[in-house]
Structure formats: structure tokens, C-alpha cells
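Which chain is which? The protein sequence lines are A and Z, in order. This note's numbering numbers the first residue of the first sequence as 1 and each following residue consecutively. This note's numbering numbers the first residue of the second sequence as 1 and each following residue consecutively.
Just so you know, not all the hints are guaranteed correct.
As the list claims (entries may be wrong) - Below, in silico cross-link-like pairs of lysine-lysine (DSSO-like), each with a Cα-Cα straight-line distance of 27 Å or less: (1) A:225 x Z:45; (2) A:225 x Z:225; (3) Z:225 x A:224; (4) A:225 x Z:186.
Claimed, not checked - Taking beta-carbon pairs under 10 Å as the criterion, some of the chain Z residues facing chain A (in silico): (5) 54; (6) 55; (7) 174; (8) 193; (9) 205; (10) 206; (11) 207; (12) 209; (13) 239; (14) 241; (15) 245; (16) 247; (17) 256; (18) 265; (19) 268; (20) 271.
Claimed, not checked - Pulled from the structure, derived: some chain Z residues nowhere near chain A, Cβ distances all over 12 Å: (21) 13; (22) 52; (23) 80; (24) 141; (25) 167; (26) 251; (27) 321.
Don't read these hints as lab results, they were simulated from the structure. Treat the numbers as computed from the prediction; the structure is a model and nothing was measured. All C-beta atoms in this analysis are idealised placements derived from N, C-alpha and C, irrespective of residue type, glycine included.
Number of protein chains: 2
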Amino acid sequence: MRAYVVPQLGPPEVMRVGEVPKPTPGDHDLLVEVHATSINPVDAKIRVGTRPRAVPLVLGFDASGVVVGMGAQVKGFNIGDEVYGSPNIFGFGANADYVLLDARATAHKPKSLDHVHAACLPLVSLTASEALHERARIQPGQTILIHAGAGGVGHIAVQLAKLHGSKVITTAGRDESIAFCRDVLKADVVIDYRKEDFVARVKEITSDQGVPVIFDTVGGDVFKKSIECIAPLGQLVAITASDPGAAAPLLLYKSITVHYEFMGVRVAYNLQPEKQGAILSAIAKLVDSKQLHVHVSKVWKFEELVEAHRAIETGRTIGKMAVRVKD
Amino acid sequence: MRAYVVPQLGPPEVMRVGEVPKPTPGDHDLLVEVHATSINPVDAKIRVGTRPRAVPLVLGFDASGVVVGMGAQVKGFNIGDEVYGSPNIFGFGANADYVLLDARATAHKPKSLDHVHAACLPLVSLTASEALHERARIQPGQTILIHAGAGGVGHIAVQLAKLHGSKVITTAGRDESIAFCRDVLKADVVIDYRKEDFVARVKEITSDQGVPVIFDTVGGDVFKKSIECIAPLGQLVAITASDPGAAAPLLLYKSITVHYEFMGVRVAYNLQPEKQGAILSAIAKLVDSKQLHVHVSKVWKFEELVEAHRAIETGRTIGKMAVRVKD
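With the rest of the complex left out, here is chain A (with noise of 0.2 Å):
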């Protein structure tokens, strides 16, 4: 089968299209056919060794596509289902025909959408949901800031966040994100951060008290500042791997949780994967009636990757970019 193989750690240019075997479904595996994969600031990441891998690997990991097999122990699905979910982060990714999905976290593609869209949602929707839901367990009625509305995690996030009854403020950047952020996902509040002091904001929307739940898909700085504007037993959950260095005493004084939400452990080491499977078919009802939307601003060619990855790497996306795996 073809696949985009990294044989080495680099820039985009690295890539390149190769033929590998098709891969051999475990017990909890489903075989799928991809139709689309979408690209995710994890595959750069990973692809540039800020998350140590062993090359060569196959970047990807998301997946929408049809079940043309499976192991003996998956349940639920038949060969011919239209599926869409996350391949295991530390093992082959979708950028190629054929992958495998573990059974446990894949649910059936929403009906309402095709490949493409399909296949944007599984990586953000399980991220956005563990950080909001089993993580921070935001509240009905609570003012919550997420950082990045416009971006992949964080459309979805707010979206999520809103469908649940929280106030939402978010930050944006450029004018069409904030249009984005304010027109179209409907938030409370969108902070200009390139504008005003989003620290400053927050403390003055909230009368000095903070926001018990910040979720940052942002990072570095992002974070640091963050732990000025959240309020004491506040949660603050992170994608990135940021420290608070000299902000540490801060969490200490207000009793802060700080979340890591990575969305590749459950499936990685089989830490009750079947809640993902649950989330995404949760995702693919909200989905169908309307109540969650999800943004694809580009649509690559399969043979377009190498560009498609130098696109992620401006973090200027718009919602997320899908690529047409099979025609």
C-alpha cells in the first residue's frame, strides 16, 4: 500500500511517498481503508523530534474510512462500516491506504458528513472532551477562558463548552479568527490578544476573581500568563508541555490543578480505550442534529502533504485542514 513515510526526522521535505505492507489487524483492531486523514500540529511535532519517535514512521492520526477488516476480539462493527477515529499515536499513522484503528475507541462516522469532514474530528474532539469533560469537569454556568478558539482543538472546544452551558471567552489573534470566534462559534467573549492584555481582560470580566477553568491549547507564555487570570481551585489544563517556572508559587497560593491532556494514553496503553470510542460516538450525534460543527478551511491531495505540512507549521489554520486520502 502507499503510505507517506518519515524516514528520517526533519522538515516537511522529508517525506515521501512509499510502498509498505499493509498492516495485520491485532484482537482489538479494526483494518480500515482510508478514505481521508486530516493533519494535526502533533504530526510537525512529532515529525521534527520535539516528541521523541523511532523513524521511519507514518504520521496521521486521524482517520475516516470503511471496515474491510478486523481482529477476534472487536465487537460492533461490520466489514463494509463507515468508521472514523485516532490511530494509536505511537504506532502507524493514517497518511497511508490502509490503517489500523483500535475498535474500542472508533465509532461510526457521523452519517451527515463525508470522509473529509469526517475525518477532522476524532484527534480534537477526543482532545477537546477529555480536557473539558473528564479533566477539568467543567460546570453548567461557569465562565471558562479556552485559548486559540479559531484553531483546531479549540473550535471544537468551544462549541463543546457552550453546548454544556458554560460562558466561553476566548482569544484570537487575526481579524478573521476573531470573526470566526465571535460569528460563527458564538463565543461570550473574544479577546484581541494582539490588542489587549488577556490577563487584564479576564480580571476585569470576572471583578479580579479569576476563571475556575482555563484550558490552553496554546502554550509557553500562554501558559505562564494564564496563571495570573485563574481563580483559586482553579483547573487549568495544557496540550503543550509547558511549565509554569517562576509562576509555580502562584498555582501553589491558589491551589491550582494542572491538567495534561494528551489523548494518546488511553489508546497507547490500554487505559479503558472504550471511553474514547463512547466519546466519539457522543461527537457524531452532536454532529448529525446540527448542534456541533466542524470547520475544514483546505483540502489537501494526498500528494500534497509536504505542502499541507508546511501550512500547519504557520499555526494560522483556521479549524483544520483534511487530506484526501482516497478519491
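Knowing the structure of chain A, use the given hints to seat chain Z on it.
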């Protein structure tokens, strides 16, 4: 009334006995005649300025004594009641003849204990209970690691975890501390951290899986190393302002939750302080039924407070040190 005043930040010798006005209870406060208080490491941290506070101040964040007055909103207490609790850590402490306790975070003292022993319980019991139950949510049957089991917080935490049905691994570094953890606290495993690498030992005990919960009462390098032996989706509770530094990526790859636990916030920020009253009532029952024991290794006279502060700074205390305020 008499109070040990810290007129400026500095070494133990800055503290002076002086006359200060007896405090006036706010709506939710009990005015308590202090019979005993205890020494906690936080006293020394505040005194030297590690935890910034305005001076002059009065330290001593535990109290056991008798109610002599109360605010208009107080319920459940009468003049003459014997109570124990932890004064607002941002207010004036109990190194004085009288102190204010938020009635909602206060309980009747254990009947089976004198004031000297009761005064050793509030701050460490609230810290240990919140750390294990509210934050890490330990489960029966779980194997958990508690650092420095012979310490003030540690010796209560080991007992609470055992009472909950958890299997407790703890660390200690002197022969008498090791014997105390093993023979008095009945920890399941005591690691001598001078002779063994605790990370390697925990990995060995858990067949390389790591432990789902670590309660780190030490901080610094112990915090950073703990990240190496925590299981994916694990809970790490710190009571120091520790920073993961270069271990931050490991927190992300294992999707860890880090709780910074500071018992002072519930009273200071009025965040359900009644939860602390409930904890102290439960602790009193455990003590009176002989299921929980407070270990008081030394009782200081009020006049010896400077010397007591020098002793806490050695970090070698087994269990707790009390200060008798009223004979």
C-alpha cells in the same frame, strides 16, 4: 494579649513576645482562647519571606482552645466549647493568647486528646485529606506513593490512605523515620531514599507501570523525579511550589494531573470553608475511635518558640511539634 510578633522577615530570632490587641470576631468567626498551637514548615517559609506576607504578622496556623466569643453568623458552637482548627493563613495566627477561627472550618476537638495533641492536627489533616480525597481521589486497592511518611503531613496521609484501603509506599531517610513508618504507621513498603533510588524501586514494585497517585510532601528534585515513576493518567499532588522543568514533556506524554494543594484557600477566599469543618469533625471521630493517631515528638513552651522554629527548619521532625500556650 501576648503574641509572638514577627516585626520583620528573617531568622527565628526576629520573633518577639509583645502585647497586641485581642482580635474582634467577624460574622463567621470564633474567638478562641488558645491553649496550644503547633509548628508547621509554612511558619518558617512565611517568616523568611519564601511565601510573601506583609509584616508585622503573627504565625502559628493551628489552634486548640476554648470558645470565648463569636460573630453573629456562627452556628453550632457555644461559649466554653473546646475546638480545634486552622487560622486564616493570610491573617494573624495562633502564637498568641487568642485567635480567630472561621467557625465553618472549625470542629469540636477530639475528646480523647488534650489541647497539645489536638493542636497538632488541623493543618496537616486538612492538607492530607484534601490532597488524597478531594484532589487525587484515591481509591481502595490503589498503590500510592507518599513521600516523607514520617513527616507532619506525611504521617497523617499514610494513615488516611491505609484507612481508605490503599496500599502505601512511602519514603524515609533516617533509621528512626524508617522504623516509625514501618512499625507505627504500618506503611506497606518503606523505601530508604538514602540507599535506594525510589524511582527504580517504585517501577520494580509496579512491574514498570508506575503508581497512579503520588503525594509529594517534599518538593524540588523529589517532585521532578516522581514524574518518572507515575503511571499514565496519574495524579501528582504537591504541597510545595515545585516546577517540573525539563520533566514537563513527560507530564504531557503520560497525561498527568498535577494538583498544587494549599489548604489555606478555602478560608482565605471563602470557598466552601464548611468542607474543612466537615473534615475536622471526621478526623476527630477517627481519633476518638483510635483509628488515627497524631504523633507529637516534642512539646515546646510558649517562651521557647524561637528555639522551636530553629528545630522545624532542620526538617528532621518525626510527626509534629506542639507549643503549649496556656498552662
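Verification of the hints:
Using a Cα cut-off of 27 Å, the hinted pair residue 225 (chain A) and residue 45 (chain Z) holds, with the two alpha carbons roughly 25 Å apart. Simply put, residue 225 (chain A) and residue 225 (chain Z) have alpha-carbon atoms about 26 Å apart, close enough for the 27 Å limit, and the pair holds. Proximity of residue 225 (chain Z) to residue 224 (chain A) is assessed by CA-CA distance (about 22 Å); at most 27 Å being required, the pair is judged to hold. For the hint pairing residue 225 (chain A) with residue 186 (chain Z), the CA-to-CA distance comes to about 43 Å; that exceeds 27 Å, so the pair is violated.
Because the closest C-beta pair between residue 54 (chain Z) and chain A is about 14 Å apart, greater than 10 Å, the hint is violated. For residue 55 (chain Z), the suggested interface contact is broken, since its CB lies about 18 Å from the closest CB of chain A, more than 10 Å. Taken as an interface hint, residue 174 (chain Z) does not check out: its beta carbon lies about 27 Å from the nearest beta carbon of chain A, beyond 10 Å. Hint status for residue 193 (chain Z): violated, given a least beta-carbon distance of 23 Å to chain A, over 10 Å.
Look at residue 205 (chain Z): its Cβ only gets to about 18 Å from chain A, farther than 10 Å, so that hint breaks. Annotation: interface hint on residue 206 (chain Z) violated; nearest CB of chain A at approximately 13 Å, more than 10 Å. With its C-beta approaching chain A no nearer than about 13 Å, residue 207 (chain Z) sits outside the 10 Å limit, and its interface hint is violated. Annotation: residue 209 (chain Z) was flagged as interfacial toward chain A, and the flag holds, the nearest CB pair being 9 Å apart, inside 10 Å.
Using the Cβ-Cβ criterion of 10 Å, the hint placing residue 239 (chain Z) at the interface with chain A is satisfied: the shortest such distance is roughly 8 Å. The restraint placing residue 241 (chain Z) at the interface with chain A holds, with a minimum CB-CB distance near 4 Å, inside the 10 Å limit. Residue-level restraint check for residue 245 (chain Z) holds (minimum Cβ-Cβ distance to chain A is 6 Å; threshold 10 Å). This hint holds: residue 247 (chain Z) has a C-beta 8 Å from the nearest C-beta of chain A, less than the 10 Å allowed.
Contact between residue 256 (chain Z) and chain A, as hinted, is supported at the beta carbon level, the nearest pair being about 5 Å apart and thus within 10 Å. This hint holds: residue 265 (chain Z) has a C-beta 4 Å from the nearest C-beta of chain A, less than the 10 Å allowed. The interface hint given for residue 268 (chain Z) holds, since its Cβ lies 8 Å from the closest Cβ of chain A, which is under the 10 Å cut-off. With its C-beta approaching chain A no nearer than about 6 Å, residue 271 (chain Z) sits inside the 10 Å limit, and its interface hint holds.
Once the 12 Å rule is applied to beta carbons, residue 13 (chain Z) is consistent with being away from chain A; the minimum gap is 26 Å. A beta-carbon of chain A is positioned within 12 Å of the beta-carbon of residue 52 (chain Z); the least distance is around 9 Å. With a minimum CB-CB distance of about 34 Å to chain A, residue 80 (chain Z) clears the 12 Å threshold, and the non-interface call stands. No Cβ of chain A approaches the Cβ of residue 141 (chain Z) within 12 Å, the least distance being about 16 Å, so the stated non-interface status holds.
Look at residue 167 (chain Z): its CB is around 19 Å from the nearest CB on chain A, clear of 12 Å, so calling it non-interface holds up. At roughly 4 Å from the closest C-beta of chain A, the C-beta of residue 251 (chain Z) falls inside 12 Å, breaking its exclusion from the interface. A cut-off of 12 Å between C-beta atoms confirms that residue 321 (chain Z) is not in contact with chain A; the least separation is 23 Å.
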